[in-house]
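Engineer: Those protein sequence lines, which keep their order, are chains A and B. Under our numbering, think of the first position of the first sequence as 8, with each following residue one higher. Under our numbering, think of the first position of the second sequence as 115, with each following residue one higher.
Just so you know, the hints here were simulated from the structure itself, not pulled from any lab data. A portion of the hints provided could be inaccurate.
[Unchecked claim] Straight-line distance between alpha carbons at most 30 Å, and here's what the computed DSSO-like set of lysine-lysine pairs gives:
no., chain 1, residue 1, chain 2, residue 2
1, B, 160, A, 80
2, B, 262, A, 80
3, B, 160, A, 18
4, B, 160, A, 59
5, A, 80, A, 59
6, A, 44, A, 80
7, A, 107, B, 262
Note that the coordinates shown come from a computational prediction; the quantities given were computed from them, not determined experimentally.
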Amino acid sequence: MLSFDITLNYKDFALDVAQTLPSAGVTALFGRSGSGKSTLLRVISGLESHAKGRITWGDEVWQDATHFTPPHKRGLGYVFQDTRLFPHLTVAQNLSYADKRARAHPGPSMSDIITALDLPPCCLATPQHFRAVKGRAQRLAAPC
Amino acid sequence: MTFPDTLPDLGPLRLTLHLAAITTILLLICGTPLAWWLSQTRSRAKPIIEALTALPLVLPPTVLGFYLLVLFSPNSTFGSFWVQVTGETLTFSFTGLVIASMLYSLPFMVQPLQSAFEGIGRAPLEAAASLRASPLDRFFTVAAPMAKRGFLTATVLTFTHTLGEFGVVLMVGGNIPGKTKVISIAIYEHVETINYADAHVLAAILLVFSFATLLLVYTLNRRYPTGGRA
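Only chain B is shown next, with the shape it has when bound in the complex:
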């Protein structure tokens, strides 16, 4: 194994971090209400929504990517609507990648949050309600702080999972430098062109970063076994 004297183009790394950060933030905003609803509801629609949420876990990324490609296409209703509103196509664009990543990483955000919310049980929320705390108040002052560990796990899993995205990106985003060429695609391209040295550097960065993040989460979870103090 030989390392090159100069580093490979780190643009894909920057793009990947950017994509993962935006995806994580947007999923925190959209996934939290969904996870909360799933944890509290007695609706009959719950298993359907749960199954849909978990689908990206088992579906090959190429299948998800294929359907998104069809959906994003300017010839489809949604795709042409998007072009009319924004003037850009979703296929082979960074925005398209963000939407695809959000769907791809949805279960990694929703599932840890849902089980954290379910773990709280009804008792503390009922106590808060009897102390005149409104539902929103109860969520922010009781549920969210007690689910702190769930938030940490969900955020980190979503972020690291989006970092390693490959199949969906390839289908929806292609391989446009600075726009849709993420790190896993750059690695694939380096390997295809037998540029193992650059592939090694990027792969090592991804490996070390992912391991370090997960290690941090498990260390923190060990230190705060019951959710810690808020």
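Okay, chain A solo, but in the shape it has when bound:
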């Protein structure tokens, strides 16, 4: 179960949400453009260091008044809206960047991902080349 009760104040924007979400299944978040959907996801991920409040994941406290778990220790996957591939790495290296750091944690193997995404054997190319084929970069960034 994911629980949060957070506030985040910027000059012309304020986010104030409290909610508890189930840990299983798919939860969708609706809202008008600019209502703070992405910001909320960033707060949950630990990418907004100015957010105040409390976030817990099961028994783990990710954030409260005295404690802040940094994003790399939360074990969350985040599919960014913009495809954030590392431009200095090849497509294969982009995949293995995630794979290397996830070895201690259960999940699909890299070959499973390559098969599931139906990635052509051009995996050695750089993202710049890859991006030429529309949609592929997004698919690639998703599991990364």
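Based on these hints, arrange chain B on the given structure of chain A.
Structural biologist: Leaving out everything else, chain B in the frame of chain A:
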């Protein structure tokens, strides 16, 4: 213009290369964390640190040299502490020159690195963080390779700028052969003693070397316009 049959004493050239190499390596080690901090921080102290870092760009080298001379003097707190610890004075020593050069060339290391780090933006680092990369991991696997061009520029500018150091060295190091007599001082001395032939050789070496290095950097930067592949 006449060239001498024999080359002038190349000791100053060797000393200068040695000084520039050590200064560049030490500044890479000290300047990188500073540049990284400046690129990431939202601290209020940032403008102060930035201004201090840029100071050697606008300050006359003699002013910097003067203050360093006062600081290095065995009569000062720092200077006497140094003598107690190492048994040597910092003034008119090679170590003193290294410290002076590091301050003198600091902006040439920090500024290109800082703008390279800032150019990366938060996005790739956030993506790496969401893939369980720790801050140090993110620096070495994402920030540093993406700032490759900045590292190249910073290293070369620091090195070539230290090669041409004159005022600071004169104030802090004097003119001791094999210890503090760098190439620009040797040139000055040759000119003062109307030994234009030797001055020509040393000046030409410095000119050609500096031009060749800069040409190499700009050529490489042209070839890897987006930072290249790591």
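Engineer: Is residue 44 of chain A within 30 Å of residue 80 of chain A, Cα to Cα?
Structural biologist: With a Cα-Cα distance of about 22 Å, the restraint between residue 44 of chain A and residue 80 of chain A holds, given a limit of 30 Å.
Engineer: Measure nothing beyond the straight line between the CA atoms of residue 160 of chain B and residue 80 of chain A; if it is 30 Å or shorter, mark the hint as holding.
Structural biologist: 28 Å, holds
Engineer: Given the proposed pairing of residue 262 of chain B with residue 80 of chain A, does the C-alpha separation stay at or below 30 Å?
Structural biologist: Holds: residue 262 of chain B and residue 80 of chain A sit about 28 Å apart, inside 30 Å.
Engineer: Checking one constraint from the list: CA of residue 160 of chain B to CA of residue 59 of chain A, max 30 Å. Satisfied?
Structural biologist: Answer holds: residue 160 of chain B to residue 59 of chain A is near 24 Å, not above 30 Å.
Engineer: Run the distance test for residue 107 of chain A versus residue 262 of chain B: straight-line Cα separation, threshold 30 Å.
Structural biologist: 23 Å, holds
Engineer: Residue 160 of chain B and residue 18 of chain A: Cα distance at most 30 Å?
Structural biologist: Holds, because 21 Å separates the two Cα atoms, which is no more than 30 Å.
Engineer: Verify the proposed pairing of residue 80 of chain A with residue 59 of chain A, using a straight-line Cα cut of 30 Å.
Structural biologist: 18 Å, holds
Every hint from the earlier list agrees with this structure, and none is contradicted.
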